[in-house]
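Order-wise, the sequence lines are chains D and B. Numbering (the working numbering) for the first sequence: 2 to 68. Numbering (the working numbering) for the second sequence: 12 to 413.
Check the hints yourself; a few may be wrong.
[To be verified] Every beta carbon over 12 Å from chain B, so not counted as near; a handful from chain D, in silico:
| no. | residue |
| --- | --- |
| 1 | 5 |
| 2 | 23 |
| 3 | 36 |
| 4 | 37 |
| 5 | 39 |
| 6 | 43 |
| 7 | 66 |
[Claimed, not checked] Listed next, the in silico SDA-like pairs over lysine to any residue satisfying Cα-Cα at most 20 Å (straight line):
| no. | chain 1 | residue 1 | chain 2 | residue 2 |
| --- | --- | --- | --- | --- |
| 8 | B | 113 | D | 60 |
| 9 | B | 319 | B | 25 |
| 10 | B | 113 | D | 8 |
| 11 | B | 186 | B | 203 |
| 12 | B | 130 | D | 27 |
| 13 | B | 130 | D | 22 |
| 14 | B | 113 | D | 27 |
| 15 | B | 130 | D | 30 |
| 16 | B | 113 | B | 241 |
| 17 | B | 130 | D | 28 |
| 18 | B | 130 | D | 29 |
| 19 | B | 113 | D | 29 |
| 20 | B | 130 | D | 32 |
In case anyone wonders, no lab produced these hints; they're calculated from the structure. C-beta: ideal position from N, C-alpha, C; glycine also.
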Amino acid sequence: MKVSIDDERCEGHGRCYAIAPQVFVPDDLGNAQVVGDGTVAPEHEETARLAVANCPEQAITIEEGAP
Amino acid sequence: MSTTDHPPVRDWAGDFDHTDEAYAADPFPIWDDIRASGCPIAHTERYGGAWLPTSHEDVAAIAYDTERFTSRSVVMSPFRPPLEMAPIGIAPPISSDPPFHKGARRLLLPAFSPQAIDKIEASTRAYCKELIAAMGEREVVDAAEEYAQHIPVRVIATMLGFPEEDADRFRGFVKHVLEGVALPLEERAGGMMTLFQYLIEQVEDHIAHPRDDLTTFLLTSEMDGQPLRQDHVVGTMALLLLAGIDTTWSAIGASIFHLASTPAHLERLVNEPELLPTAMEELLRAYAPVTMARLVREDMDFHGCPMKADDWVLLPFPAANRDPGFFDAADEVVIDRAVNRHAAFGLGIHRCAGSHLARMELRVALEVWLEHFPSFELADPDGVRWSGGQVRGPRVLPIKVA
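The task is simple: from the sequences and hints, build the whole structure.
Here you go:
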């Protein structure tokens with residue numbers, strides 16, 4: 002599983018990095034960035050999904066089955 | 012606040028008024044009725060013409076549409092700022108439109124990033140503890156007056172580098188700007204002048220004595236290689252002072268109100284403190300304090316509503332958060348709601364720039380309160396008073412703590 006953030010939609014609410022800090026981190030402005038290339042370790046998939054479901058701007062996309 | 016111009020509302024779909032006492036006391040059935048009426052956007056001729064969307068879909072669509080809805084003013088009153096105020100507006104970046112908005116906002120964001128806010132958590136916690144200690148051993152305390160209202164005032168005054176002893180004056184400014192929308196224009200303008208004169212004094216003091224705070228930061232910042240104009244600096248200071256205070260005060264108070272009136276939720280949070288971050292988001296959803304406003308740019312039809320240039324549009328994020336078309340059990344507080352795409356801090360480019368600060372203050376305020384008062388209840392349910400207008404929260408909140 003892999004996640005990516007649409008930088009045009011992300012407004013820095015910070016819900017994703019509060020819920021899944023292993024997968025998302027804030028930049029200097031408080032906008033979200035994925036850790037590494039966005040590949041999610043299996044043990045973090047559940048919290049990553051929860052983080053995605055809590056984004057008020059619906060700015061995060063999940064690519065299932067990605068390496 | 013009621014004047015002869017503001018008779019009590021009898022028809023919420025066609026003659027609404029957000030300063031009506033019924034709206035302050037209990038807006039939820041009003042929004043439900045409007046949403047269920049077939050036309051989810053209410054109208055009024057008051058304030059020179061205004062609209063009130065109530066569905067999440069409409070509130071989001073308007074928040075995202077910065078072309079047709081301008082932020083030239085975000086507080087609805089009978090007074091519309093002149094067109095030449097755009098795109099900067101009186102309190103940038105909240106009153107700014109693209110493209111000016113982006114740079115003005117970008118400038119502020121690092122000071123309000125989660126990393127920056129972490130650094131003031133310890134001092135905020137210490138202050139919350141001081142407030143509790145000052146209550147002494149009384150049986151009943153007012154959680155709004157003696158606790159919630161003081162926390163954001165102290166925090167923002169420290170961030171801006173204003174004298175602590177001016178706290179009562181800040182609260183006066185806030186009340187005037189946000190709750191004084193029904194006052195006669197001259198009186199309202201006079202109050203605004205007092206606020207801006209105060210801010211100019213602070214600017215002059217900071218020019219003479221620069222120090223490590225947000226005011227000096229703004230005075231030494233540049234946009235596009237130019238120092239900020241003084242009206243930009245003062246406008247942003249006004250925004251930080253006004254937007255940071257009664258909003259957070261309302262969120263803290265409403266959360267304490269909910270726990271005081273819902274013993275099962277209080278017990279659960281005391282037993283499972285790790286649930287607080289999730290519970291807090293649900294309290295923000297259910298009791299979102301802030302409604303924003305926009306002005307319609309040009310005559311148009313929006314979702315069947317004939318909107319005219321310079322009509323107001325309220326953006327009631329709290330109504331969007333209670334829309335059953337967007338949330339399951341929208342009217343219930345589900346204290347462990349895991350999926351919660353609420354819009355308490357707005358949507359789109361004007362997302363509350365202070366949301367990380369507000370969340371820290373709310374979490375720390377609740378942690379400290381629950382630590383000292385693991386058991387409490389409303390001392391006088393009929394004595395609770397909620398502010399009306401665009402920021403809703405308890406202003407009188409007697410709590411029996413022992």
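Hint check results:
no., hint, verdict
1, 5, "18 Å, holds"
2, 23, "16 Å, holds"
3, 36, "15 Å, holds"
4, 37, "20 Å, holds"
5, 39, "20 Å, holds"
6, 43, "20 Å, holds"
7, 66, "23 Å, holds"
8, 113/B with 60/D, "19 Å, holds"
9, 319/B with 25/B, "16 Å, holds"
10, 113/B with 8/D, "14 Å, holds"
11, 186/B with 203/B, "11 Å, holds"
12, 130/B with 27/D, "15 Å, holds"
13, 130/B with 22/D, "18 Å, holds"
14, 113/B with 27/D, "18 Å, holds"
15, 130/B with 30/D, "15 Å, holds"
16, 113/B with 241/B, "19 Å, holds"
17, 130/B with 28/D, "16 Å, holds"
18, 130/B with 29/D, "14 Å, holds"
19, 113/B with 29/D, "15 Å, holds"
20, 130/B with 32/D, "18 Å, holds"
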